[in-house]
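Chemist: Those letters in the sequence shown? Residues 5 to 214, by this note's numbering.
Treat each hint with caution, since some may be false.
[Said to hold, decoys possible] Below, simulated SDA-like cross-link-like pairs (lysine to any residue); rule was C-alpha separation at most 20 Å, straight line:
| no. | residue 1 | residue 2 |
| --- | --- | --- |
| 1 | Lys92 | Glu103 |
| 2 | Lys92 | Thr68 |
| 3 | Lys97 | Phe66 |
| 4 | Lys129 | Glu108 |
| 5 | Lys210 | Glu75 |
| 6 | Lys97 | Glu135 |
| 7 | Lys153 | Lys210 |
| 8 | Lys97 | Asp82 |
| 9 | Lys129 | Lys153 |
| 10 | Lys92 | Glu108 |
| 11 | Lys153 | Val207 |
| 12 | Lys210 | Pro67 |
| 13 | Lys97 | Gly134 |
| 14 | Lys210 | Phe66 |
| 15 | Lys97 | Pro67 |
| 16 | Lys129 | Phe66 |
| 17 | Lys97 | Glu137 |
| 18 | Lys129 | Glu75 |
| 19 | Lys153 | Val194 |
| 20 | Lys97 | Ile169 |
| 21 | Lys153 | Gln188 |
| 22 | Lys153 | Val107 |
| 23 | Lys129 | Asp187 |
Keep in mind the hints are simulated off the structure, nothing from the lab.
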Amino acid sequence: MRKTIITAFMSGLLFLTGCGDSLPEEELVNNGQAFEMQQVGDDLQASNFPFGTIDYQEKEDFPTLEELEEEVRALLGDHYWPEVDLSKEELEKATGITEDMYVEFLAQKQVLDADIDTMIIIHAKEAYVGEIEQALEDYRSRMIEENQKYPQNLGKAEASRMETINDYICFVQLGADTSVVADQGQDAVVSYCLEENERAIYVLEKALLE
């Protein structure tokens, strides 16, 4: 292709100068070599640009689970009430999620079993994402059923949220002190807790996706 361009260029020079004023052959050769070197230079310069070679990949450097917890805790402040970590045995007993289903996990709840503020983050093995989602959905349904007689806890259970972000399944059942809206009825409690859960999910998505 480059030789064709050079030939056309030289032919154009002959045409423009006319037959009687043709450039000496040596000068034509030199002009052709200069033009070819210019083309090579242009090619090298163009090769410095990454067009067609950009490799867009999914995010690889994810924050640790402890860093994710710190992000949520920093956002919610005194409204983050989970305070003790669940062991893998306690996680399995509560949710049915077994050790072979995940890479790592973080699960926190309140000290007293009567209080239900909870955050669970599971870094799932890819083959078990759906199974873990179902286990947490079953856990949520069980929390709703078990707290029918406890309006404050029931609102938190009904407002709980699960979100899957890449291979991370996040479950938040937060709300802290709902007494500030308790006199407005159950719907107000649910809305209040849902807002707290959405705030937690927002900061987790931000940390895992950006």
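Chemist: Now, for every hint given, state plainly whether the structure supports it.
Modeler: A quick look at each hint next to the structure:
1. Lys92 x Glu103: The given pair, whose Cα atoms are some 7 Å apart, holds under the 20 Å limit.
2. Lys92 x Thr68: Roughly 17 Å separates the two Cα atoms, so the pair holds.
3. Lys97 x Phe66: Violated: Lys97 and Phe66 sit about 28 Å apart, past 20 Å.
4. Lys129 x Glu108: Given that 20 Å is the threshold and the Cα spacing comes to 9 Å, the pair holds.
5. Lys210 x Glu75: Holds, at roughly 10 Å.
6. Lys97 x Glu135: holds (16 Å)
7. Lys153 x Lys210: Roughly 36 Å between the alpha carbons, so the hint for Lys153 and Lys210 is violated.
8. Lys97 x Asp82: violated (28 Å)
9. Lys129 x Lys153: Given that 20 Å is the threshold and the Cα spacing comes to 37 Å, the pair is violated.
10. Lys92 x Glu108: holds (10 Å)
11. Lys153 x Val207: Given pair Lys153, Val207 is violated - Cα atoms ~32 Å apart, limit 20 Å.
12. Lys210 x Pro67: holds (11 Å)
13. Lys97 x Gly134: holds (19 Å)
14. Lys210 x Phe66: holds (11 Å)
15. Lys97 x Pro67: Not satisfied, since the Cα-Cα distance of roughly 27 Å exceeds 20 Å.
16. Lys129 x Phe66: Within the cut-off at roughly 15 Å; holds.
17. Lys97 x Glu137: holds (16 Å)
18. Lys129 x Glu75: violated (23 Å)
19. Lys153 x Val194: holds (15 Å)
20. Lys97 x Ile169: violated (24 Å)
21. Lys153 x Gln188: holds (18 Å)
22. Lys153 x Val107: Status violated; Cα separation ~37 Å.
23. Lys129 x Asp187: violated (44 Å)
Checked against the numbered hints given earlier, this structure breaks hints 3, 7, 8, 9, 11, 15, 18, 20, 22 and 23; the rest are met.
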